[in-house]
Amino acid sequence: MTENILVICEQRDGKFQKVSMELIGKARQLIEKKQGQKVVALLMGDKIAELAQDLVNHGADRVVYVDNPALKDFMTEPYTKAACAVLKSENPDMVLVGASSIGRDLAPRIAARLKTGLTADCTTLEIDDETGELLMTRPAFGGNVMATIICPDHRPQMATVRPGVMVALEPQTKTGEIVDFDVAFETSDSNVEILETVMIAKETKDITKANILVSGGRGIGNNFAPLKELADVLGGEVSASRASVDAGIAYKDMQVGQTGKTVRPDVYFAFGISGAVQHTAGMEEATLIFAINKDATAPIFDVADVGIVGDAHKIIPKLVNRIKKEKNL
Amino acid sequence: MKIIVCVKQVPDTNEVRLDPKTGTLIREGVPSIINPDDLCGIEAALRLKDEYGCHVTAVSMGPPQTDVALREALAMGCDEAYLVSDRAFGGADTWATSSTLAGAIKKLGYDLIITGRQAIDGDTAQVGPQIAEHLGIPQVTYAQDIEKTEGNALIVQRQYEDRYQKIKIKCPALVTALSSLNKPRYMSVAGVVSAYDTKEVKTLTFEDLKEFVKEENIGLKGSPTKVKKSFPKQVKAQGVKHEVDEDDAVEIIVKKLKEHFVI
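Protein chains in written order, with the working numbering: chain A, 1 to 329; chain B, 1 to 263.
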């Protein structure tokens, strides 16, 4: 058993998901408490060897890659087999995985196979000063309470983390070990057949990358057009609470919150959002939060820097005009 | 085709509020519901039953009061329902829960297992894939469409963040259902009557599952993870709340945006 921290990195079509870099950044921070130990990155795919250096540049000391046609597209069994083979050989103390729709398919399968614990969607990862154990803190009960989970007697200690929660390091040209790891696949490993892949054309921009978010909830009703207008004059994007997504008014990829996306923009407007913990869990890290709600007791006001008790429908058009004037538009 | 649908009874976390003074959960009056993704799993199984005459069994692990959720599953049209319940199963994390459920499913027999993608009280999305691993069968998670095809196989539309795939999977297999998969049907009056009159919820205890799951793999003992502590979420220092008219509201917002050099 080593004391190393291994990050299972995710690439799709030869491009990294940014959560992989965020987790390497976090692993770097954690490893400071474990002197002489390494951050190891695991890279899997087909013809991906040349991607390894990028992981070193983002902070990995060692990259182990499995390059095989069986890993061309994500499939549960070949990826689980490859990851388990590498984990058995590398023997890390901790394993971090991005909580993407792939990570959340793969990580539980690996943990079940290795008979070890897995903590999903952690928002804080720390190392216990006394025991050296990984303290994995996550929201529970729809984000209403936080729970710190440990995995005392099984190794590796495994955690998934959602995109946007940790912060990646600025890449620098570095040198690190890069190791080609061979896994023998059998045809029976590919136990499902991918018949067709359809890319979804993005109707909205990636809200996790926006500096300004104008978000609407139940109090906005079924017309998001005014929010879009405000977002446009501010150069921001429109996002939504679960209520608006469930009601079919906003798209799922616009959803902020525990079951949506975690965002940390410079400015966040919450119009007509009551502020259930399910929602605030995904936005409370924003630098400046405006909450506009008719209900003076709405919990959204507890996380807001500026709260306005009032009618969003009346305020938004006036605000748009005022900002246009300010910007000479 | 024999379908097992896994169901979890959960508190409706949308209805949960925190006591603003103590920061603790107000559990009183929070209704218990069938986890929304699981309801879509039941519906998906029932649609396969309607079309192909499959046999649908609902299975849930939980305390005795989970009976209500399983009666609801029967009322919707499931043929059988089993409650996996025993003190020995208590305190299980996802690893032990999935090994226990896998034991029950092995005992009952199956071609297809449908679970919800995740439950709203834990949001882990781990139990489905871990059941599949314990049974050694393939899985497709995040299903937004399920169709049956020849040779005891399914074509599942699997959702990703940026794409979807049509995946062919041969039974025995496990599929996890998204709530975008379908719109679950309501219980029919006749269904409710039969759920309480003619159908029954059968209980499976550890004694019943002994052959199928080892004692070291259940309950608290079989759980690699432990809860070290839980605590109320820290509330951010409160900002200023203004009760003003629209024009003043606009001025307050604009002033703040200027202070932060946004405009």
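None of these hints come from the bench; they were simulated from the model.
C-beta: ideal position from N, C-alpha, C; glycine also.
It is possible that part of the hints are untrue.
[Unchecked claim] One side of the interface only, derived from the structure: several residues of chain A facing chain B at Cβ under 8 angstroms:
| # | residue |
| --- | --- |
| 1 | P69 |
| 2 | K72 |
| 3 | E77 |
| 4 | T116 |
| 5 | G117 |
| 6 | E130 |
| 7 | G132 |
| 8 | F141 |
| 9 | M146 |
| 10 | C151 |
| 11 | Y251 |
| 12 | V309 |
| 13 | G310 |
A quick look at each hint next to the structure:
1. P69: violated, 18 angstroms
2. K72: Hint violated; K72/A Cβ to chain B Cβ min 13 angstroms, cut 8 angstroms.
3. E77: Holds. Min distance 6 angstroms.
4. T116: Status holds, d = 5 angstroms.
5. G117: holds, 3 angstroms
6. E130: violated, 12 angstroms
7. G132: violated, 14 angstroms
8. F141: It holds, given that the least Cβ distance between F141/A and chain B is near 6 angstroms, below 8 angstroms.
9. M146: holds, 5 angstroms
10. C151: holds, 5 angstroms
11. Y251: Cβ of Y251/A sits 11 angstroms from chain B, so the hint is violated.
12. V309: Cβ of V309/A sits 4 angstroms from chain B, so the hint holds.
13. G310: holds, 5 angstroms
Violated hints for the displayed structure, listed by number in ascending order: 1, 2, 6, 7 and 11.
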